[in-house]
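Start from the sequences, fold in the hints, and give me the full structure.
Sequence order for the protein chains is A and B.
Counting in this note's numbering, the first sequence tops out at residue 512, every number present.
Counting in this note's numbering, the second sequence tops out at residue 344, every number present.
Misleading hints may appear alongside valid ones.
Here are the simulated distance ranges between beta carbons [stated by the list, open to error]: (1) A:Phe184 - B:Asn176: 19 to 27 Å; (2) B:Gly148 - A:Pro175: 22 to 30 Å; (3) B:Glu127 - A:Ala15: 45 to 53 Å; (4) B:Asp337 - A:Gly31: 40 to 48 Å.
What the hints contain is simulated information worked out from the structure, not anything from laboratory work.
In this text, all values refer to a predicted model and were calculated from it rather than measured experimentally.
Yeah, the Cβ is synthetic: ideal placement off N, Cα and C, and Gly gets one too.
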Amino acid sequence: MHLRHLRIAVQLACLGAFLLLFLLTEYRGEDVLAYPVSLLFRIDPLAALADALAPGAFGWALLWPALLLVLLTLVLGRFFCGWVCPLGTTLDGLGRMLGRGTMAAVPSWRRIKYYLLLFLFVAGLFGLQLIGLFDPLAIFLRTLTLSLYPAWNLVTNQVFEWLYHRQVPVLSPLADAVYPFFDSYLLAFHPPAFTLAVFTLLVFFAILALERIERRFWCKNLCPLGALLGLCARHALLRRDPDSPCADCSACLRECRGGAATNGGHRGGECLMCMDCEGFCPQGRVRWRFGNLRAGQGVDLSRRGVLSSLAAGVVLAPVAAGTPAVWQRHSYLLRPPGAVAEEEFQARCIRCGECMKVCIGGALHPALLDAGPLGLWTPVLVPRIGYCEFNCTLCGQVCPTGAIRRLSLAEKHKTVIGIAYFDQNRCIPFARGEECLVCEEHCPTGEKAIVFDVRAVRVGDEERLIKLPRVVRNRCIGCGICETRCPVAGVSPVRVTNEGESRRPQDPWA
Amino acid sequence: MTCLDRRAFVRQSLQGALAASAFGTLPVLDLLALPARAASAPVAVAVRKGGDIAQLVADTLGALGGMGRFVRRGETVVVKPNIGWDRTPEQAANTDPLVVRAVVEHCLEAGARSVQVFDRSANDARRCYVNSGIEAAVNGLKSERVRVEHMDRRAYRDIAIEKGEELTTWPFYLPAIEADRFINLPIAKHHGLSTLTLGLKNIMGVIGGNRGVLHRRLPESLADINTVVHSDLTLIDAVRILVANGPQGGRLEDVRQTDTLIASADIVAADAEACALFGHKPTDIEMITEAARRGLGTLDPARIERV
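Here it is in structure tokens:
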């Protein structure tokens, strides 16, 4: 067996394991998740970098596996890219179907990923964290969560529903027999739907389409995680022998998907450790073995490129910070319970989508511009679509970077996300003199935060006694179930604003 | 593409319209509402008190002649407790799990072929099923004839409400309609809008759609949906009752231990009897008077027989 086959087997196993963890990112009858479902991000050195650059202490407890990966990379090279990374595996697999391009890409393009990493690092250092936008693991999980899994649920449910109602001979009994298994293990309890589904998928398609230019274009030229691991892998102990192409053959120069084989020697930082060269070497000369520490090949960055990336980070960070605070212009920006203060939140959140996947009320959605121009894909709570379940603490349990703190149930019950208010022009009892009180019924706080006053309301010529709802300020935690369940069509007359949220310590209410 | 001539266009349009209108009528099931019962027969209502829940359920059902009066051998039964909220049994927002379990046991003893237990919860259904204790209590019976199940999203169907005054059609959950017997198992508790929630209100757990809009004319709407879903037996759990901050509760200060069960084949009579626990008169509660007016049961003291 070639190493290549072993590598493919490991890739598929890792992809399967990540998909399994993805499916397990759901409430299954226990308040505390039994599995480390966000493992993918806890081994992510970019997540660790974002965490390290954010204000506040480094989350050792969460992110130590990422440092382990870095140590392993120092020894084994960029094995993560070739053997583990689910985006890499997806590109390998789908690239074949899509048709891989053989355009001779410009060799200097592979420098882009280092410039990008440098830019992200410097911007992070100055308080602007954009790592999540480019982290391949975040891109992968985000696409799965926001686009592919909802689509899978929709289509599968429609097929089952159609067969259930039509009772097609043979097919329908078969579908009814397998439905419980799908329902329990492969389908979401509540069919998910997210606001940025299409946009997220387009980004993923764009990365896929790059395969038409060159095999593993993203990994080779753009991926900042690849760049980070590449920097660690330059002196890796596991090395290819021979180091340089043989005089009589140039197969590796042609075939190497990472562009690691060069006339000047084997570039450890570029090598994806796919180990295909062992197989395609016509003479069977290539061996992989642990050797002594050798001088790695330098990363031949241009001075101009480095200075430009540095400058871009240095300039963009303060410019972004110089925009007015988000809550001054956006009352409806709600963050999950346990989210740290906005500035730190944006610096910690790597936009991985774990919280949105696990949210059982379907309340968390990715922001487009709601959280400022650079808050793309950060989670916002949209109460009209879903609400924050009173006794649920799952989002804090899965957040890999501490952007959402893990809350105890008692803390959660006291954590204020915002406060509800009534638009009396549209709220049914006020505006039309009819009874409603759905919001009061669902309000989950022990002593209800929505109460009502019975008042005489003139409706036309008659005077009716109507129960008019009212929010009690210091009981409302902003869970948003009133807004979700409000039966009025369109924008809810009861809405939650972020006024008084717990994470804003300067607020007089907190 | 071929060009359509005028005749073909007209013909195809008409055919299409015909097909569409025929198709449009398909998903609407037209169930005849239950026939009104003889207006003169006496209605039995059983009220029992006791600390041992299994015994209490046995006594209450025994007073009505036992579960065998309601469930016959080989029938399919739906037991519909209130599993609406993510609350524990002590918080008295859902039907007591031991009451549910005992009633299901009686159904099995009466020879039911299958017993299904479900509710369309207001909070996340998984959390409600677990924290209400009902899932575990019923599964503890370890009978293959019993299933505590989440509502199957495929199984809602629009049904025309023949006797509807407020609603003409609404999506209902088919297993609740199609079962041979429907046993209504509400908990008695406070409700901000309707003052109390009892048997009539508990039927909201077997309908789909945007249930919130029913609140605008709740008494009328409840009466309408109760004409479609007929409860063969209504057993009201008042072991613990919630006297404020209902229907969801959450504070133990609002819970009263009353150790009472109320049962009747007549949903209106059962609901009316439960009002006394809260110090209300049934005639003050509009959903009950509306249901009585519509012939869903009786409020007439002359016809109600305490057993």
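Quick rundown of the hints versus the structure:
no. : hint                            : verdict
1   : A:Phe184 - B:Asn176: 19 to 27 Å : holds, 22 Å
2   : B:Gly148 - A:Pro175: 22 to 30 Å : holds, 27 Å
3   : B:Glu127 - A:Ala15: 45 to 53 Å  : holds, 46 Å
4   : B:Asp337 - A:Gly31: 40 to 48 Å  : holds, 47 Å
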